[in-house]
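K.L.:
Sequence lines, in order, name chains A and B. Mapping to the working numbering: the first sequence position 169 is 215, numbers consecutive. Mapping to the working numbering: the second sequence position 199 is 245, numbers consecutive.
Just so you know, the hints here were simulated from the structure itself, not pulled from any lab data. Any given hint could be a false lead.
Pairs involving identical chains hold if they fit within one copy or between any two copies, as the list cannot separate such chains.
Straight-line C-alpha distance at most 20 angstroms; calculated DMTMM-like pairs for lysine to aspartate or glutamate [said to hold, decoys possible]:
| hint | residue 1 | residue 2 |
| --- | --- | --- |
| 1 | Lys149 | Asp206 |
| 2 | Lys149 | Asp203 |
| 3 | Lys331 | Glu111 |
| 4 | Lys331 | Asp162 |
Protein chains: 2
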Amino acid sequence: MTLSLLVEASDGRARAGTMTTARGTIRTPVFMPVGTRGAVKTLDTMDLERLGPPIVLANTYHLMERPGADLIAEMGGLHRFMGWDGHLLTDSGGYQVFSLEPKISERGATFRSVYDGSYVELSPERAVAVQELLGSDIAMVLDVCTALPADRAVLRDAVDLTVRWAERSRQAHSGGDQAQFGIVQGGVEVDLRVESAERTVAIGFDGYAVGGLSVGESRSRMVPALAAATGVLPADRPRYFMGLGDPVGLVEAVANGIDMFDCVLPTRLARHGTALTGEGRLNLKNLRFARDDRPIDPGFAHPLSDRYSRAYLRHLLVTNEPTAGRIITLHNLAWLADLTARMGLAIREGRFEALRAEIWSAWAPGETPHPG
Amino acid sequence: MTLSLLVEASDGRARAGTMTTARGTIRTPVFMPVGTRGAVKTLDTMDLERLGPPIVLANTYHLMERPGADLIAEMGGLHRFMGWDGHLLTDSGGYQVFSLEPKISERGATFRSVYDGSYVELSPERAVAVQELLGSDIAMVLDVCTALPADRAVLRDAVDLTVRWAERSRQAHSGGDQAQFGIVQGGVEVDLRVESAERTVAIGFDGYAVGGLSVGESRSRMVPALAAATGVLPADRPRYFMGLGDPVGLVEAVANGIDMFDCVLPTRLARHGTALTGEGRLNLKNLRFARDDRPIDPGFAHPLSDRYSRAYLRHLLVTNEPTAGRIITLHNLAWLADLTARMGLAIREGRFEALRAEIWSAWAPGETPHPG
Numbered sequence: 047m048t049l050s051l052l053v054e055a056s057d058g059r060a061r062a063g064t065m066t067t068a069r070g071t072i073r074t075p076v077f078m079p080v081g082t083r084g085a086v087k088t089l090d091t092m093d094l095e096r097l098g099p100p101i102v103l104a105n106t107y108h109l110m111e112r113p114g115a116d117l118i119a120e121m122g123g124l125h126r127f128m129g130w131d132g133h134l135l136t137d138s139g140g141y142q143v144f145s146l147e148p149k150i151s152e153r154g155a156t157f158r159s160v161y162d163g164s165y166v167e168l169s170p171e172r173a174v175a176v177q178e179l180l181g182s183d184i185a186m187v188l189d190v191c192t193a194l195p196a197d198r199a200v201l202r203d204a205v206d207l208t209v210r211w212a213e214r215s216r217q218a219h220s221g222g223d224q225a226q227f228g229i230v231q232g233g234v235e236v237d238l239r240v241e242s243a244e245r246t247v248a249i250g251f252d253g254y255a256v257g258g259l260s261v262g263e264s265r266s267r268m269v270p271a272l273a274a275a276t277g278v279l280p281a282d283r284p285r286y287f288m289g290l291g292d293p294v295g296l297v298e299a300v301a302n303g304i305d306m307f308d309c310v311l312p313t314r315l316a317r318h319g320t321a322l323t324g325e326g327r328l329n330l331k332n333l334r335f336a337r338d339d340r341p342i343d344p345g346f347a348h349p350l351s352d353r354y355s356r357a358y359l360r361h362l363l364v365t366n367e368p369t370a371g372r373i374i375t376l377h378n379l380a381w382l383a384d385l386t387a388r389m390g391l392a393i394r395e396g397r398f399e400a401l402r403a404e405i406w407s408a409w410a411p412g413e414t415p416h417p418g
Numbered sequence: 047m048t049l050s051l052l053v054e055a056s057d058g059r060a061r062a063g064t065m066t067t068a069r070g071t072i073r074t075p076v077f078m079p080v081g082t083r084g085a086v087k088t089l090d091t092m093d094l095e096r097l098g099p100p101i102v103l104a105n106t107y108h109l110m111e112r113p114g115a116d117l118i119a120e121m122g123g124l125h126r127f128m129g130w131d132g133h134l135l136t137d138s139g140g141y142q143v144f145s146l147e148p149k150i151s152e153r154g155a156t157f158r159s160v161y162d163g164s165y166v167e168l169s170p171e172r173a174v175a176v177q178e179l180l181g182s183d184i185a186m187v188l189d190v191c192t193a194l195p196a197d198r199a200v201l202r203d204a205v206d207l208t209v210r211w212a213e214r215s216r217q218a219h220s221g222g223d224q225a226q227f228g229i230v231q232g233g234v235e236v237d238l239r240v241e242s243a244e245r246t247v248a249i250g251f252d253g254y255a256v257g258g259l260s261v262g263e264s265r266s267r268m269v270p271a272l273a274a275a276t277g278v279l280p281a282d283r284p285r286y287f288m289g290l291g292d293p294v295g296l297v298e299a300v301a302n303g304i305d306m307f308d309c310v311l312p313t314r315l316a317r318h319g320t321a322l323t324g325e326g327r328l329n330l331k332n333l334r335f336a337r338d339d340r341p342i343d344p345g346f347a348h349p350l351s352d353r354y355s356r357a358y359l360r361h362l363l364v365t366n367e368p369t370a371g372r373i374i375t376l377h378n379l380a381w382l383a384d385l386t387a388r389m390g391l392a393i394r395e396g397r398f399e400a401l402r403a404e405i406w407s408a409w410a411p412g413e414t415p416h417p418g
């Protein structure tokens with residue numbers, strides 16, 4: 047296979063391991079920062095190297111529109127275009143497309159471009175071809191992503207069409223060094239999640255994503271659907287929860303056997319002045335930080351951000367200085383990378399439940415985990 | 047003296063040397079990036095360390111309004127607030143204030159705050175006190191900065207009042223490790239420039255600035271006024287041209303005996319997509335760069351920016367990704383630092399005129415330097 051996963055430790059259903067591709071290795075669990083258009087907002091590629099995420103996500107839909115997949119291929123592919131030697135995962139465009147109220151047919155999705163209003167067609171085959179031009183290390187199949195809550199009949203149709211598109215995507219994929227992941231759908235319907243997972247696994251992909259669970263559902267309905275899906279997915283293939291970035295969500299996903307996540311949340315929050323810390327979310331614009339000489343998270347020293355005080359950041363935020371968003375972006379990404387590393391270590395040392403309880407108490411005080 | 051300058055070489059009127067303060071040394075000529083509110087836009091302090099400017103400018107007016115000089119003093123001063131161990135120069139607020147249509151009296155300037163519209167008073171003594179709270183290495187006196195063109199009578203009054211304010215500023219300054227610079231005014235009137243310089247030198251400062259020459263005059267009228275002022279300034283004190291950042295302006299200022307400059311131009315241009323290069327200014331948004339795989343300036347390799355192609359930057363610019371402004375800011379500041387270093391080396395090697403001609407031919411083709 048193009049990509050392999052060695053599960054080195056597990057604790058309950060949580061697991062820690064090493065994923066290997068032609069490009070190198072990735073320790074799991076892993077959070078993937080989002081570089082929508084080939085850049086993580088406010089950072090450049092050298093910043094990413096200093097932060098050290100082993101893998102970054104880029105958005106197929108945005109890149110196929112601007113600057114275009116052909117242009118990126120001409121420039122040597124997305125890695126070379128960005129100057130990035132680490133791993134890249136490209137989504138299929140499905141998530142963006144389904145926010146644009148597309149017309150769905152057996153063939154694919156038709157929708158209006160967010161850039162110029164023109165009609166764009168995205169088929170499973172085109173999503174494969176575009177991602178091959180981008181040259182990402184991991185490509186995703188085009189799926190039908192349904193906003194929740196949704197009627198069971200709608201979810202049923204989405205599962206069926208997603209499976210048929212997955213078959214076509216697998217056919218269309220030329221392989222080489224690029225891995226391809228299938229996507230499990232089914233909303234919060236446990237039996238549909240199981241069926242979607244079984245049928246996707248039957249096609250056979252390098253890894254499997256759980257999609258459509260960050261689109262409106264409550265956590266109490268999300269966890270059973272997630273657990274149902276991961277219960278069916280093969281143990282030796284990576285499992286990726288799409289669009290998850292809050293600490294409690296992350297620890298619950300890991301508790302249910304997930305290895306990979308991505309989300310714009312930590313970077314978007316950062317640009318709006320909100321930091322992730324051991325005390326929970328801090329809105330650094332708050333007046334109470336005006337004379338606070340401590341670093342963003344006194345319990346987390348990181349060389350890229352710990353010299354800057356809350357007072358300094360508050361000043362930069364209230365005066366709209368772009369430097370603030372940059373520093374908090376560096377912090378939030380470093381903090382989440384540390385959180386996932388701590389989860390991996392806790393799994394290896396058989397104390398994952400203690401860390402899970404700690405994260406719940408800092409981030410959702412008074413609440414408790416749902417039975418996994 | 048708090049600050050000394052050793053002129054180590056000269057070529058015509060151009061000079062290269064080393065400035066020494068309690069904090070360390072600065073090789074001249076030197077360009078000072080502008081960190082208006084305690085940050086260079088899109089960069090953080092670690093970026094400045096990697097870029098390596100020995101001195102950065104911050105704006106007294108903006109910092110006294112937000113977050114306030116008392117708060118910064120409470121946080122240990124501006125160096126500690128920013129996390130910056132290099133030199134800081136603070137302007138006096140004069141330049142900002144005079145764009146706010148102030149009411150001027152013998153006592154000082156009264157004007158409306160850009161932040162909340164309230165009335166603010168800035169006197170020479172208050173400008174000194176605020177800069178002492180900020181704890182910069184070099185403080186500037188409050189001056190009367192006249193927009194050009196201006197009537198001779200207006201310039202005459204501005205010179206007189208600037209001198210009286212300079213006397214009060216020198217009295218008010220407590221010294222210590224903070225150097226204080228006087229400012230020469232007089233518009234483009236050569237005799238007023240000479241008089242202003244003589245009277246300011248008679249007061250006795252650690253260094254001297256030439257102010258009010260980046261406020262509307264043409265280069266052909268600027269150079270004689272500049273030359274008249276620097277002709278009078280003592281050879282063993284640094285000379286600072288306020289608000290100058292274009293390559294031809296820089297080389298002409300150095301040709302006329304200037305050691306220091308600052309300007310928002312290289313950073314502001316960068317955020318709008320314009321790069322400084324050996325070919326002149328490049329607007330990287332231009333379609334002709336869409337497939338240009340070369341770095342910003344193929345003749346200037348800098349480790350912070352030379353991995354990024356023009357095609358990549360054009361893509362980030364046209365999609366409004368903030369990363370673009372950051373990369374071009376790094377490039378423009380590195381490029382200008384290199385230009386000033388090349389000027390210093392050329393002076394030391396007795397070939398300044400050749401470099402001057404080279405800069406003119408790249409940046410103002412067809413024009414020639416004015417007699418120095």
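K.L.:
All hints, please: hold or fail.
P.N.:
Going down the list of hints, with the structure as the test:
Proximity of Lys149 to Asp206 under the C-alpha cut-off of 20 angstroms is restricted to the intra-copy arrangement: shortest distance 17 angstroms within a copy versus 74 angstroms between copies. For the identical chains of this complex, Lys149 and Asp203 are intra-copy neighbours only, at 14 angstroms inside a copy versus 72 angstroms across copies, given an alpha-carbon limit of 20 angstroms. Taking identical chains as interchangeable, the C-alpha atoms of Lys331 and Glu111 lie at most 20 angstroms apart only when they sit on different chains, with a minimum of 17 angstroms there against 35 angstroms within one chain. For a Cα distance limit of 20 angstroms, the shortest separation of Lys331 from Asp162 across copies, 18 angstroms, qualifies, whereas the shortest one inside one copy, 35 angstroms, does not.
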